[in-house]
Amino acid sequence: MRSQIVHNKAVLIAALVLLVAGFTMYSSMSLLNFEFRLDNTKDQELQQQQEQKQQQQPPLHSPEQHQPLHSPEQHQPLHPPEQHQPQPDQEQPGHSSVDATNDPPTLPPLLLDPSTKYLSFLPFAGLTNQFIGVEVAAYIALRLNRTLLVPPIISNSHDHDNTHQTWSRYFDLKRFSNLTGIPVVEWDTVRPLNAAQTRVGRERAMTEAHTAEWAALATNMTCQIIYGFGNPDKQINYSARYFVYHFLLNLVFQAPPPLAPGATIYDHKKYAKDEPNQESLVIVEDLIERYSDFKDQMLMLSHAFKIKDPKNRYWNTVGQHLHFEPLLARYSRERVMKEIRQDSGAEPERVVDPESADQEMVDRIPYIAVHLRRGDIMSKCTPGEDVTHCEVPISSYAEAIEKVRAESKHKWPVVVATDSDSIEEYEEMEALGWHRIDHTEDNAHEVLGAFGPAFADASILAHADVFLGSSRSTMSRVAATRQRSWYQRNTIYPQAPVTATKETTAASVDDSMNKMRRTGVRRL
Numbered sequence: 001m002r003s004q005i006v007h008n009k010a011v012l013i014a015a016l017v018l019l020v021a022g023f024t025m026y027s028s029m030s031l032l033n034f035e036f037r038l039d040n041t042k043d044q045e046l047q048q049q050q051e052q053k054q055q056q057q058p059p060l061h062s063p064e065q066h067q068p069l070h071s072p073e074q075h076q077p078l079h080p081p082e083q084h085q086p087q088p089d090q091e092q093p094g095h096s097s098v099d100a101t102n103d104p105p106t107l108p109p110l111l112l113d114p115s116t117k118y119l120s121f122l123p124f125a126g127l128t129n130q131f132i133g134v135e136v137a138a139y140i141a142l143r144l145n146r147t148l149l150v151p152p153i154i155s156n157s158h159d160h161d162n163t164h165q166t167w168s169r170y171f172d173l174k175r176f177s178n179l180t181g182i183p184v185v186e187w188d189t190v191r192p193l194n195a196a197q198t199r200v201g202r203e204r205a206m207t208e209a210h211t212a213e214w215a216a217l218a219t220n221m222t223c224q225i226i227y228g229f230g231n232p233d234k235q236i237n238y239s240a241r242y243f244v245y246h247f248l249l250n251l252v253f254q255a256p257p258p259l260a261p262g263a264t265i266y267d268h269k270k271y272a273k274d275e276p277n278q279e280s281l282v283i284v285e286d287l288i289e290r291y292s293d294f295k296d297q298m299l300m301l302s303h304a305f306k307i308k309d310p311k312n313r314y315w316n317t318v319g320q321h322l323h324f325e326p327l328l329a330r331y332s333r334e335r336v337m338k339e340i341r342q343d344s345g346a347e348p349e350r351v352v353d354p355e356s357a358d359q360e361m362v363d364r365i366p367y368i369a370v371h372l373r374r375g376d377i378m379s380k381c382t383p384g385e386d387v388t389h390c391e392v393p394i395s396s397y398a399e400a401i402e403k404v405r406a407e408s409k410h411k412w413p414v415v416v417a418t419d420s421d422s423i424e425e426y427e428e429m430e431a432l433g434w435h436r437i438d439h440t441e442d443n444a445h446e447v448l449g450a451f452g453p454a455f456a457d458a459s460i461l462a463h464a465d466v467f468l469g470s471s472r473s474t475m476s477r478v479a480a481t482r483q484r485s486w487y488q489r490n491t492i493y494p495q496a497p498v499t500a501t502k503e504t505t506a507a508s509v510d511d512s513m514n515k516m517r518r519t520g521v522r523r524l
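Residue 108 in the UniProt record's numbering sits at position 108 of the sequence shown, with consecutive numbering throughout.
Read the hints as simulated data drawn from the structure, not as lab findings.
By construction, the Cβ of each residue, glycine as well, lies at the ideal position given by its N, Cα and C atoms.
Don't take each hint at face value.
To be verified - Pairwise CB distance ranges, derived in the manner of DEER restraints:
1) 310 / 144: 15 to 25 Å
2) 294 / 177: 29 to 39 Å
3) 296 / 177: 17 to 27 Å
Stated by the list, open to error - Mimicking BS3-like on lysine-lysine, the simulated pairs with C-alpha atoms at most 25 Å apart in a straight line are:
4) 306 / 273
5) 338 / 117
6) 234 / 174
7) 269 / 311
8) 174 / 117
9) 338 / 234
10) 270 / 308
11) 311 / 270
12) 269 / 234
13) 117 / 273
14) 306 / 117
15) 270 / 234
16) 269 / 308
17) 311 / 273
18) 308 / 234
19) 269 / 338
20) 273 / 295
21) 306 / 234
22) 269 / 295
23) 270 / 306
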């Protein structure tokens, strides 16, 4: 009997243990299931909150801002769209679209301030012409009370690098805005592109083959026809095309607004012989008058470089305030010192840095600078003209320099900025004791960027104590303008030894030296 009781107790205890274990397991499973459902519920709630937040958050730009800037009902293009803008075309051989998984994402609208009106323009030709275009556009932006949206420095027929860089890399735009009151924004800021989008734009510029991939990304933008550029018979320049390709812009060209009754009509034969179409807009005052009440947020001009100002206000109003970026100015100054410090006439001095807004003191060596323009300068000769008028020989520069040294009593070293690739000319310069600035020695291209060497040369020419330029070169003329504006110095333009060789060259030097004596040669 006793053993039976013990057995029954053991069975009861075992049953209780099994019951407790089963309940515990069930509770754990229920708890896990509850936590799983709770986590799912939290995830769903979080996702719903994020979706609601995204729906409630206003876009950076309203739809009106990233639609084509003019609707067909408001402004009829001067010419049918198919004549002005690239059409979505068929795939070109060898330029098929990438796989869908690698497609560049759709571009967002331009990152523009909704409360700001902008003025932009298409670049034109080489670096110096592009600089002048910035100068002209800045003046127009000032007159129209718009923010200047400046396109980058773009590759051209001289470099073929198929690249672009911001102006702020070489010029102090913040200082420029402070001095002029003109707000400046750069295209790289309002149109940031990722690597895939950049690739599409540069491939288009490299091949000029219009592919569906480029067309799918391109954004429509209305562009006002200025100086005739954009008409079917006057296509935009290659630099303008590269800019449009790089930034994925699909331009729709339109005629400018008509002249108001009683407005001044300018004679193109007097001001713009290269644009005989009397309907074209070529004078800055005409442009200001036509666009003074322009309502659109973006005013894009097809051209700026050639717009004429009979009163010559561009440089004094804005151009003189475009100072070189301090890093570029320092590189140029130190590059010259490194080159000439061993010369017998090299006498270092401590002066105020003209490129420093804070009047910083720097060390420098006075020097004579020569701009020996070669390259395609022969294309600027008129038919039948003696070629030496365009490509002045080194001997004429040497003669002028000796006269300068004799007059000034200074045997300042000579540095040369040139695009010549002639070994004979290199040897001639070396024999004269001149220093040809070769920026490859200091890897200026890597340090300053693709356009660094060219702008370093521009800085070297602008700050020389005496400057001898090439009369047919736009770069020389801009350097001469900087010399006159910043230092009250006159530039010498040696002339070729044709007929009265010495008398002709000497007369040019005498004229410049007399002006220097009257105005005084200011040291840096």
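Hints broken by the structure, by number, lowest first? Checked against the structure, the hints that fail are numbers 2, 5, 6, 9, 13, 19, 20, 22, while the rest are satisfied.
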